[in-house]
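**Q** Spelled out from the first residue to the last, the chains are:
Protein chains: 2
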Amino acid sequence: MDRSIDSVADTAKPVAKDMSHHYSDLAKARKPSSMKMFYKFFAIPGIANFAGGLPNAKFFPFDTLEAQSAHPHRWRPTPNYPGVDAAAETSSDNSPTAASHVVVPHAADTADLDKKIDLTTALQYGQASGYPPLFSYIRQFTRECLHPNVPYEGGPDVALTVGSTDGFSKVLELFVNTWVEGKNDIRERPGMLAEVFIYPSILNQAHPRGIQVCPVEMDDEGMAPYGPGGLEDVLANWDDAKGKRPHLLYTVSMGHNPTSGILSLQRRRELYEICSKYDVIIVEDEPYWYLQFPSAAIKEAQARNKPIPEYKAANTLPNKSGYPFLDSLVPSFLNIDVDGRVIRLDTFSKTVAPGCRLGWVTSTPAICERIVRISESGTQQPSGFVQSIIAENIMGPQPEAAAAFASRSRRDQATFTGWKTEGWVRWLAGLRGEYERRMNSMCSLLEEHAYQLKQSTPVRDADSDWGVITKTKLYEFEWPRGGMFLWVKVHFEEHPLFQAAGSQGNVIDGPALSTALMTFLTHKPYLVLVSPGMMFSTSPQIAVERGWAYFRLCFAAETDEKNSACSTQFGQGVQKFWRIKKVAELEALLEEAGALEANEIEELTNLGWMGC
Amino acid sequence: MDRSIDSVADTAKPVAKDMSHHYSDLAKARKPSSMKMFYKFFAIPGIANFAGGLPNAKFFPFDTLEAQSAHPHRWRPTPNYPGVDAAAETSSDNSPTAASHVVVPHAADTADLDKKIDLTTALQYGQASGYPPLFSYIRQFTRECLHPNVPYEGGPDVALTVGSTDGFSKVLELFVNTWVEGKNDIRERPGMLAEVFIYPSILNQAHPRGIQVCPVEMDDEGMAPYGPGGLEDVLANWDDAKGKRPHLLYTVSMGHNPTSGILSLQRRRELYEICSKYDVIIVEDEPYWYLQFPSAAIKEAQARNKPIPEYKAANTLPNKSGYPFLDSLVPSFLNIDVDGRVIRLDTFSKTVAPGCRLGWVTSTPAICERIVRISESGTQQPSGFVQSIIAENIMGPQPEAAAAFASRSRRDQATFTGWKTEGWVRWLAGLRGEYERRMNSMCSLLEEHAYQLKQSTPVRDADSDWGVITKTKLYEFEWPRGGMFLWVKVHFEEHPLFQAAGSQGNVIDGPALSTALMTFLTHKPYLVLVSPGMMFSTSPQIAVERGWAYFRLCFAAETDEKNSACSTQFGQGVQKFWRIKKVAELEALLEEAGALEANEIEELTNLGWMGC
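Protein chains in written order, with the working numbering: chain A, 1 to 612; chain B, 1 to 612.
Where hints are given, some of them may not hold.
Pairs count within a copy or across copies, as identical chains cannot be separated in the list.
[Stated by the list, open to error] The calculated DSSO-like cross-link candidates involving lysine-lysine, where the alpha carbons are at most 30 Å apart (straight line), are: (1) K454 to K31; (2) K244 to K31; (3) K581 to K40; (4) K31 to K183; (5) K489 to K524; (6) K242 to K183; (7) K40 to K524; (8) K524 to K116; (9) K183 to K28; (10) K28 to K420; (11) K471 to K576; (12) K471 to K582; (13) K40 to K489; (14) K562 to K116; (15) K306 to K13; (16) K576 to K562; (17) K242 to K31; (18) K242 to K28; (19) K306 to K277.
Source of the hints: derived by calculation from the structure; they are not laboratory data. Predicted model, so just to flag it, every value in this text is computed and none were measured.
Given these sequences and hints, build the entire structure.
**A** This is the structure in structure tokens:
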């Protein structure tokens, strides 16, 4: 990480555009925490600071913060280019159980705030942009490793958040005036574009602010730029009478939740051009960016006896990070953001743990500065406990840590040298390996039960022992190109009881069958809980029209063993569900589901699902 | 902590009133994260959860989280009732350097979520109300130890925050619609009551939302209920043409920042009655609640040769916590809150460390539930790193922690049994002891320089070697009854150059002298930086009229040695400043101060001062 993008002739780059016309009233009114006039006094050598309201670090009850930290090679990576780069698959350097002891000392003896990692600074009041050592590391990693091609002058800045839910909440505060039906003019109603299927927590954040979330059509890759219901279509044919033309676009473009697609660079260019034309801010929420699975397309083809697709590099941009794993991933919208209209949300929730409550926003310096103002009035900085232990784990060790432990016998202390960027990238590659194998395992097991085979000859007598086998597709899916989810479309219209008469004069429609199957799968011996697709529908209309046909299956949470066993059980359960012949059986399942009945679709789509 | 307030006949208690008419539009529109319909499925034994979007805890890179934790007796307490309770002062059980090793294991083997403290749960997605073990501990401590007299049925609930700045931000989101000048009707403008001097970060949070912050007169104790400019006066004579009558009252009632008063129980009753009459929500922000200094009044009297005040118990309410230290403190507004209109903000910032970013809100269950909804859409839970290490430190140890360490030699591990509530209360008492001694030290040193002694006989000749000594009071202050600050009033009107003609045709007024002295004190040999009182003025008018006469001195941040040395230097600096005879000297100081000039008072009062 010794190459600086600042070395590129910056003067040739376009200046990021001013986006302040999009700011909310509240955001416009927030003033920066202007301590500048006091800085000159703070800097006087030996001055006693009776001015601030800081407690004395001597009274913090912790003398150290420590952790047993995994070796960055703990998990086995998968190839970046299957068939081209096989080295990783056979790599034998993983050491599953090894751990090192990481120590954040009480006081580190350095004046360089970007390198000083200790409890005296980490547990004191700090900067809302982030703990200086971690902030500077993340900023450098972001600029040089993740997004080395950002086209605007000076490049992007970062601001730490307490996770991406917080990050998105701050983005909404920055760009949206709360709109209230019956109180505010409909022409003032804020709008936000998103794919037809969406991470439901986003709706929970947007709806209370009065935001109209406008679904945009998508395919396996992600949002569609053109065609009916595509981005251009929605914006060009906007009806002002139903609200303001949306100035925000929300997307998960790498391992989309729930559909698991990855947006190609070419598609990004097309969408970006439209956003630029209509002056739309792009919010790119990427918790799964490092979970891009190049083997998925190949293994899917093999499983289905189709031709193996040709290898195509996902990233054809000129500047590289120098880390083959990172350079193999599809690049962020930031790398084509000539206007400065992209805000990316990153999080440590999936790379370290959700309980970190630590993430960051990447955007233009002007937008990051506004995010910091919002943090100053709310969350302030992320917790110093997580900031310091992660900083120490990656950037450590501090010489003081060893000294603090001189008196304690530690066989693992001496060997720890900090993960550094190499270790951090290797850790990410290892995680990708684990999740990619789980994804492949679930998919191959689901393939085995996707069809119902039925002998269609009605009568077997002694004279004819042959029969015609019919094959009915019960469900279909793409092998996930990224993320943590498998998005299964179930062909309920093929179920024998589809549109059958119910006992109340109703018909057994798609939503009813969907709810019945979901409930059925939780029974023994299947014992699988899946998420109904209605929950991920961007509008109630989408839930009613097509959301019911889908289930989302997460291959991340369970053990390897359970992941495999229950993938099989899912397939077996669907097969068995198809053999239900009595409406009464379905109605019993629907009764059991209770609140999950079809007439509560709207509530279902408004569900919060923390940590989806 | 074995006594439950639930054992009190709850049916005899009043039901908390519904405060939802005060909720903001945004808060009203927020829905709870309704996962309830899924709970029955989660509870099926052996079910595979393919529904949630959780990463696998196996992939968290930390196998343990550990810390060297202080013995709870590290710091020496002061008596709860000086002259009555002398035991604490002579207590010899403090052990300044001892530390225990605290370990949060990767997985604890208990099914009781309120006792399970491990990384598998703490670092996973969790509940916005807080990490179950810590949440349940804080809830019990709050209900049984801090506020055992809450009068409404069922008692209060708690919701964890990422610190009190976050807590107050959520309170504002819950109760305030953003108001924009020139866009919204003036009669809709929200208002908030506060003392004439205020923690400036509160203004930074309130002003951008369009809140009119209305100053209420105060005395040494705190907010005045009656009299001109008192609470009743402000509310009774409210002019609707300048905005809505305030429905919020903000106060720091225990160690007020910056004036350091403590509101008596009697005064609380008077203020509460007025708030009840005018339907005002009371927000009580108490970072310093445990820093109540019973020796201050006695030592102040001794220093000034005045009669020692009689001992008066601060808490005369019937229910006790059983911990003499806690029971000696003045009780919160919550303990007289028959209506359910009090919201209290607590934080670990001063009891553990600001970098925790951990605190909690205490109020009625209905209000706490709304705070949790807001958290779900933003911060989610506080960081699992800080939640688990604090839970383990107080509630530990987990038996698994010892097991995790069986293979490592640890002389300090075996002895750790967790602080428990007794240790936690003892830790707080020890901190109070340290800060109380620092306060007394600063005050006694400031007493020494408060007067300028001058021989008023103009000519001394051989025949008369006597003279008249005149005593001019340069500054005055109350010895702080609580908190971290000393609030000094400087008698600039006694300065020889007060109202002198400046070189620009101006006069050297109070604000100018104040700024000049602040700058002068940063010079050698004084080297003291103090906070100007203008910063803490609730309105620009108060800054201009009287704020300039005050400085706030923090006795918490510096070392004991520097605290003493620089208190003396402050006194000497003021003495020396009084000997300045030339306007030019003052003008040089003003020029040096630059941005701190009097004409920038408004900017000064809008200053953010993170961690004041």
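**Q** Which numbered hints are broken by the structure, listed smallest first?
**A** Violated: hints 1, 10, 15 and 19.
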